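The listed protein sequences correspond, in order, to chains B and L. Just so you know, we're using my numbering here: the first sequence kicks off at 1270 and counts up by one. Just so you know, we're using my numbering here: the second sequence kicks off at 1270 and counts up by one.
No wet-lab data here; the hints were simulated from the structure. All figures in this text were calculated on a predicted structure; none of them were measured in a lab. Ideal Cβ positions, reconstructed from N, Cα and C, are used throughout, including at glycine. You may find that some hints are simply not true.
Unchecked claim - Each computed DSSO-like pair below joins lysine-lysine, with the alpha-carbon atoms no more than 27 Å apart:
id: 1; chain 1: B; residue 1: 1462; chain 2: L; residue 2: 1548
id: 2; chain 1: L; residue 1: 1641; chain 2: B; residue 2: 1459
id: 3; chain 1: B; residue 1: 1298; chain 2: L; residue 2: 1641
Unchecked claim - Derived coverage of chain B by chain L (criterion: at least 3 residues anywhere in the stretch with Cβ under 8 Å from a Cβ of chain L; other residues may be distant):
id: 4; region: 1457-1471
id: 5; region: 1510-1520
The primary structure of each chain is shown beneath.
Protein chains: 2
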Amino acid sequence: MAINKNIEDIKYKYKNYLLQSGNLFLINKKNIIYNSSIISKKSKNAIISPVVKANGYGMGVLTITNILIELGYKKIFLANIAEGIEVRKKFKNIEIYILNVGKPFNTNILKKYKLIPVINSLEEIKIWIENSQKKDSCILHIDTAMNRLGISYSEVLDKQNKILFHKLNIKYVMTHLACAEEKKNILNLKQLKEFKKCAKILSKITKCSIKSSICNSSGLWLGSKYILDLVRPGAAFWGINPQNNKQNPLKEAVSLYAQITQIKKISKNSSIGYGQTVKMKKDTIIATISLGYSHGFSRLLSNKGSVYIGNKKINVLGRISMDLTVIDISKFTYGEIRTGDLVEIFGPNRSLEKFAKENKTIPYEMLCNMGKNIPKMIV
Amino acid sequence: MAINKNIEDIKYKYKNYLLQSGNLFLINKKNIIYNSSIISKKSKNAIISPVVKANGYGMGVLTITNILIELGYKKIFLANIAEGIEVRKKFKNIEIYILNVGKPFNTNILKKYKLIPVINSLEEIKIWIENSQKKDSCILHIDTAMNRLGISYSEVLDKQNKILFHKLNIKYVMTHLACAEEKKNILNLKQLKEFKKCAKILSKITKCSIKSSICNSSGLWLGSKYILDLVRPGAAFWGINPQNNKQNPLKEAVSLYAQITQIKKISKNSSIGYGQTVKMKKDTIIATISLGYSHGFSRLLSNKGSVYIGNKKINVLGRISMDLTVIDISKFTYGEIRTGDLVEIFGPNRSLEKFAKENKTIPYEMLCNMGKNIPKMIV
Chain B
1270 MAINKNIEDI
1280 KYKYKNYLLQ
1290 SGNLFLINKK
1300 NIIYNSSIIS
1310 KKSKNAIISP
1320 VVKANGYGMG
1330 VLTITNILIE
1340 LGYKKIFLAN
1350 IAEGIEVRKK
1360 FKNIEIYILN
1370 VGKPFNTNIL
1380 KKYKLIPVIN
1390 SLEEIKIWIE
1400 NSQKKDSCIL
1410 HIDTAMNRLG
1420 ISYSEVLDKQ
1430 NKILFHKLNI
1440 KYVMTHLACA
1450 EEKKNILNLK
1460 QLKEFKKCAK
1470 ILSKITKCSI
1480 KSSICNSSGL
1490 WLGSKYILDL
1500 VRPGAAFWGI
1510 NPQNNKQNPL
1520 KEAVSLYAQI
1530 TQIKKISKNS
1540 SIGYGQTVKM
1550 KKDTIIATIS
1560 LGYSHGFSRL
1570 LSNKGSVYIG
1580 NKKINVLGRI
1590 SMDLTVIDIS
1600 KFTYGEIRTG
1610 DLVEIFGPNR
1620 SLEKFAKENK
1630 TIPYEMLCNM
1640 GKNIPKMIV
Chain L
1270 MAINKNIEDI
1280 KYKYKNYLLQ
1290 SGNLFLINKK
1300 NIIYNSSIIS
1310 KKSKNAIISP
1320 VVKANGYGMG
1330 VLTITNILIE
1340 LGYKKIFLAN
1350 IAEGIEVRKK
1360 FKNIEIYILN
1370 VGKPFNTNIL
1380 KKYKLIPVIN
1390 SLEEIKIWIE
1400 NSQKKDSCIL
1410 HIDTAMNRLG
1420 ISYSEVLDKQ
1430 NKILFHKLNI
1440 KYVMTHLACA
1450 EEKKNILNLK
1460 QLKEFKKCAK
1470 ILSKITKCSI
1480 KSSICNSSGL
1490 WLGSKYILDL
1500 VRPGAAFWGI
1510 NPQNNKQNPL
1520 KEAVSLYAQI
1530 TQIKKISKNS
1540 SIGYGQTVKM
1550 KKDTIIATIS
1560 LGYSHGFSRL
1570 LSNKGSVYIG
1580 NKKINVLGRI
1590 SMDLTVIDIS
1600 KFTYGEIRTG
1610 DLVEIFGPNR
1620 SLEKFAKENK
1630 TIPYEMLCNM
1640 GKNIPKMIV
């Protein structure tokens, strides 16, 4: 039986991928383009520099960078040198900013791969000055609330450091919002004000009008005064909801499917899976799908999680295995569902946002964790 | 300050890897060899065919297959066709068994890459017979308790199926234990008995003495009558404890480190990270490490998890970010710990087993989930 036309199309169109690993991510390029247009509107005249770190939020940094370049983006943020080298080898003409250069702070490797560092500490400034030319630009990161990476407000104020800042060619000064998802949180404005003061001081010291950046994805929804010169959206391209407890203004761009690899009728009192953690109360039709905890389908969902067939919610039975999960398809008559049919993990029937909540986490973590060992198709 | 000599050695020896991503898996080959020798003893005269699925339990299927070949193993089990193709392209002379061929059951691709299927259903037998020669061998999987993959006992007994089994060239018949970690669980013996009956029936039908396999890693500790002709250890090579609530007879072969990328003194009442979920009760020295939830350091450990510096347990502060985590290093005096120093996630101070428990899961899932985006060094 065709579950629905759309899923039958997927099954047919991507059969060569599905037969290899039995599961598939669909990356909806139209939705990325839609999200990109919303980001673009929100960003006014600011430069948009997408964040593609953590292997493109799990979806493959090269694939995603390629899409973003097609959409006209020319500057991207990456997490570390390893990602920088990988992307630079493939893409020669984009600007790459490295958020966390790592230790030892290695100027040679940055230069070799034309990577622009985000400088996070006085210690890093000193090394950078010693080993670079005045023309070599950097981004300076001010820590205004995260207490994670960046130079502190008091370090910016400290007159002893003037000589250091003066020697830098600062392309942008940036900070990172700690509570941008909460529009009403007063911290946002506090961070903005402190950051602007820092930018002003640094402009004075360097005698340049330094450009600045505070917005991550969620920051774009805080109002136009947060936009500044450059914005750094990441999650918004994937359609992850930028605001807590509000309807998502974006379109989720990823869905995940797994194939049914076996169907069985089992009798009352049968157990399922490792440790026999569940016993059937009646005769049951079960299906085994090609997805397990090694794909990020968390073992904590054992006997609790669900998938979708058509618009029907189908429960997980027993412990989730490394690459297999058993589900209860008794809602269908025997023969109605066949091996090779697809189940949805998230997609049209359950948003990534909802699935993340069921996993007691956020869509960011779900994406990063589920991107492994699963083929990805751009549709 | 040197935390201890060992960790200083690691820091120095692998500095080129550490500077790229700020984190590092060490795969201890000596311990794999030790575990291999224990597996070998336990396996008596049986053939040992390692299971290297889920990208070699997250550690890289090619790297691990290479080590296993060096140790003399010539037959391996993989999860699916995708893994089969990847390994076959690199290694021409080993036997590769595919546990879950996927749908549609594709005989051509199996032959093209010389992959031997584990056949899990009558449906698959029919396709295999139609599209293969009598000489093409397969492994037949009998489901004796898992209710996951495999042919049922009743299907083996069913006389109608004789003609199907008769046409197969069965290299091995296998089943999978559901509770092998629990030595006293009566299910183990029940599965063994039912499985042996199946093997006997199939030997009679095919007029061959069919070889058989029931043991996963834990099965090897159930006693010699479980050994049979072939054993399929996977986790045991990594030193994952094969028995519940017993001392581990194996040596864990993996440890994980992350680099301190920044150190700060912050004042009383400062908050840390996204959502300001923690407020300092006193002036605190914090460090930011290059590891986050995108590396599988679960966000559920926010404000709860820990790492080790030397033999000191160091707490996580605030929410774990995508690729960064903040820790409280006030146990040390300022200056005692420096950027570039390494913290241990699991290793000599905390076993993978213990770390998995802190994550409410099993070492298998931890390994699979933490293998992403982190360089691995064989030491």
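Hint by hint, here is what the structure shows:
no.	hint	verdict
1	1462/B to 1548/L	holds (21 Å)
2	1641/L to 1459/B	violated (37 Å)
3	1298/B to 1641/L	holds (25 Å)
4	1457-1471	violated (count 0)
5	1510-1520	violated (count 0)
Hints 2, 4 and 5 from the earlier list are contradicted by this structure; the remaining hints agree with it.
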